[in-house]
Amino acid sequence: MIEVKNVTKTYGKKNNAFVALDNVSFTIPDGASVAILGKSGSGKSTLMHAISGLDKPEKGEIIIDGKNILALNQKAIDKFRSRTISFIFQSFFVQANESCYDNVSLPLEISGTAVNRRKKRIEDALTAVELLDKKKSRARDLSGGQKQRLAVARAIVGNPRILFADEPTGNLDSATGQVVEDLLFGYNKDNDVTLIVVTHDPDLAKRCDIQIHIKDGKIESIEGNE
Amino acid sequence: MKLRDITIRAGRSLKHAKARTLLTSLAIGVGAFTIVLSLAVGAGGRQYAANIISSNTNEKALYNISPKQDGVDSSKPKKYTNAQIANYGGYEMVLLRQSDLDKMAKVDGVKSVMPYFTVSPKYVTREGQEKYQASIEPFQSEVKLEYAAGNANDIDKDSIIIPDDYREALGFKNASDAIGKKVQIIIEKGGSNPLDPEIKAFEYNIVGVNKKPAVAINGGTTLQMTSGNMKIINDYNLQGTPTYGTYLSASVMAKDDVDVDTVKTNLDKAGYESKTAEDLMGFIFQFINVLQAILIGFGALAVLTSVFGIINTQYISVLERTQQIGLMKALGMRRRDVGRLFKLEAAWVGFLGGSIGSILAVAGGTIANPIISKALKIGDVSLIVFEPLSVAVVVVGLVVVSVVSGILPARKAAKLNPIEALRTE
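Each protein sequence line maps, in turn, to chains A and B.
For the first sequence, position 113 matches number 113 in the working numbering, and the numbering has no gaps at all.
For the second sequence, position 285 matches number 285 in the working numbering, and the numbering has no gaps at all.
Some hints here could point you the wrong way.
[Claimed, not checked] Computed spacing ranges between beta-carbons, pair by pair: (1) A/Gly224 <-> B/Lys18: 48 to 58 Å; (2) B/Lys18 <-> A/Gln74: 30 to 40 Å; (3) B/Ile294 <-> A/Lys136: 30 to 40 Å; (4) B/Lys18 <-> A/Lys136: 12 to 22 Å; (5) A/Gln74 <-> B/Ile316: 40 to 50 Å.
Hints are computed from structural coordinates only; laboratory data are not their basis.
All of these numbers come straight from a predicted model, not from anything done at the bench.
For every residue, glycine included, the Cβ atom is placed at its ideal position computed from N, Cα and C.
Extracted from the complex, chain B is given alone in its bound form:
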């Protein structure tokens, strides 16, 4: 018997038991729904995370560089070292000095070293406007900012980039109005009397106004200027204080022809810990993957339950159709073909269930996506991303699972003795 004919017959006998077929496939559908949705959420999450990372990192860069602290047990008293330590909420960071930066620059494969630090000016203002608190970060070309007006192409020692919120606060009617105008950064001189500090105003031209981005971590709320500029005002700010000449951390760019991992090893040998963009991604992805695995686990549980449903339904079907099976065997249908008929019926059930579940998942996900994005205020980003291939894999996988569940009932049907099956009363 041809596979085509068996498939058609299998489909037809399911059509004759519509309610039963539908109910059995719905059980699989629940599993398919859960699995397809969790795959989509996982894919969406990874895409979102990758987006965040690629907008904020460069694959040639190494981040969060800090001196290694081998064998330091934070629960025990520590020996005094000459290192400069910053304490942030109980978390100690060893700060980098200029000598560290110089040392890093000499490490094999390093193209450039960029210290990372933030400056907190006393306030930011411009003529005839209120004073605002602010913090300043170094401009990083690899961080992709979206500009409401201007850009960072001609950023120099007189330039500053401000977020759109500051543009409004500082009294500019619109973004393009702000371009080329001056803002003042008021810095306190380091070591001056805190009650009557000596201050100095630094003036910069606005070259860019950036929008609050959907995926960038930086740039949303801070002012940005070149690292060199920041060093000038930072030095003015910290002169004479213990943290003078230190940096929170640094990032390093690898030479174009050198692998970042090689540079990482070299830095490690020189005594510095660092993270590649991939390391940073890794932890986010691991979190998403674990979450996804848990969801898929629930789906798999539903599929497991439906397996028993299929076995049960198919056994009943074999019992009900004893005479039909007997007739087919008497007419010369081969045992293998009888088995196939029942396995294909199970396959149809799996296909139907998988399709129903997937369609509902895709429909539900597509409807929910904009609502979720709106609720989380992440802009025009999809957190549920359906990949046609993974949906297809789920459906095919469920068909396979169904066929496997159908093996036992199919074997019972194949083994049926036609004489017994056709015995009347």
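Next up, chain A with everything else stripped away, as it sits in the complex:
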């Protein structure tokens, strides 16, 4: 369960201060799929960065599995990021000149997974996104959709509990975007993994269990499909 309590994040100082998140509170149950919706500059990315421990709001608490991640030291946050969560980005951020295999291997190396256990997990992840046949190809030789699928493989290889997707289909055409969406929601349902999608695409948001609308750093509304 993710509990966000009274989180406030301000950029800049005094007269130039800009409130990106203003006293935000909500709760996400385990295994849910959540869409964070809002226009650019609304604070939705800041919210995602706060929940993932990349950014530190000055006020409030974010409690994941009973621990306030805002109170953790850097070492514990790094461990949290490498073991518990994972990311998918709009611009993929796959390493163009590395092979698909090495791209997927990165999170396992970061988390210090033993060498002999890596191969199977990497191949399983590549199989899940149907890229096993490309495992030796360089990432730069893949199409956009394939690159994002590779990013999904990289995100799921470490068996994360929470998966963050920042505009995962923003750079894809609708057909390939659909494939990536199916992968993400399939993984969410099959493995009971919490999926948090940041998007301004209403169609994508509709597929999620919960939609959190953000405007000017405040929560406008929280809708549930159930």
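Starting from the structure of chain A, add chain B where the hints point.
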């Protein structure tokens, strides 16, 4: 993240920028090349010098013994002393007398005293052959001669050792042919009329023919016989002249259980200056070391230049890979590990450069060695000697230097804010 994985990743990202990596490491390679080569030349030089010295000296011996001349200023007129002085090209040497030798023999720790002098006979010849000029030196057992035939094991008052050149000049077909044959040394009697000198022929058996050695200073061009023999002909030669009964210098052997330095101090107290084999070596080694230091200085300068090359390259690499660093940090890579990644890349560059430079130096040196030895006519002696340990130390040292150069860029990478790094457009 495990060091192994970081090392592999570091190596891989260098492989992706082959040209840049190679060029940066070549800069270090120049430094490595220079340093490895100068170390090898230094080692070779020292080995050669040590060879020369050990072939010509004995570690138990003290050489160049001469009376002390305290407070003598050569630029001012000197008071007359009773000492016998020889003048060689403006350099004055106080000669030793028999009384000096006796005094030395009584010094604590001295086993034996051997005067050093040379005799210039009128000429050397043998029956039915031409006359040749020559000079004679006392035979010293510690000087290792290489013999073409015979040896000095049974050298006695009737024996002489001749160089191979004289063997040929005196008409012997080959070296073994000369063994046991007689040569005549013609000596002028001291004090006889220079226009019509009285001469005497001394006859000796050839017991050894020595080759021109690669490392020995003595024995290449002079005839050798026992010190006792030489004294007889020297006395005959100098009788009645002012230099009669004097010697250029002397060497002293220390007793087996006494340290040469102790004997040196004792001799000094008795009023004689002397040099140990180590003293003689010291000056040659100092010369080689200075030369080597200058060469290494040039290498160090090249390394210093390449340090800025590494810093620059690594900074550019950090800028280029901002997104990659951001991603790795977002995925939970620790700041320390990000820093390590870039330091290890620098280490790889250093290792590559050091290896390239060392390999080229070893290859170049190995090819040049016989050519240099041939040009200097020093025989089968290596002047460039590569010591695996010093090459390894150079490579490791350059890796360390590279890592240190990589610290600043690595710190920049480690400090990168992942949110900033991953911001798109």
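Okay, the hints, checked on the actual structure:
1. A/Gly224 <-> B/Lys18: 48 to 58 Å: 54 Å, holds
2. B/Lys18 <-> A/Gln74: 30 to 40 Å: Check passed, 35 Å falls within 30 to 40 Å.
3. B/Ile294 <-> A/Lys136: 30 to 40 Å: For B/Ile294 and A/Lys136 the Cβ distance comes to about 53 Å; the hint is violated.
4. B/Lys18 <-> A/Lys136: 12 to 22 Å: 19 Å, holds
5. A/Gln74 <-> B/Ile316: 40 to 50 Å: 27 Å, violated
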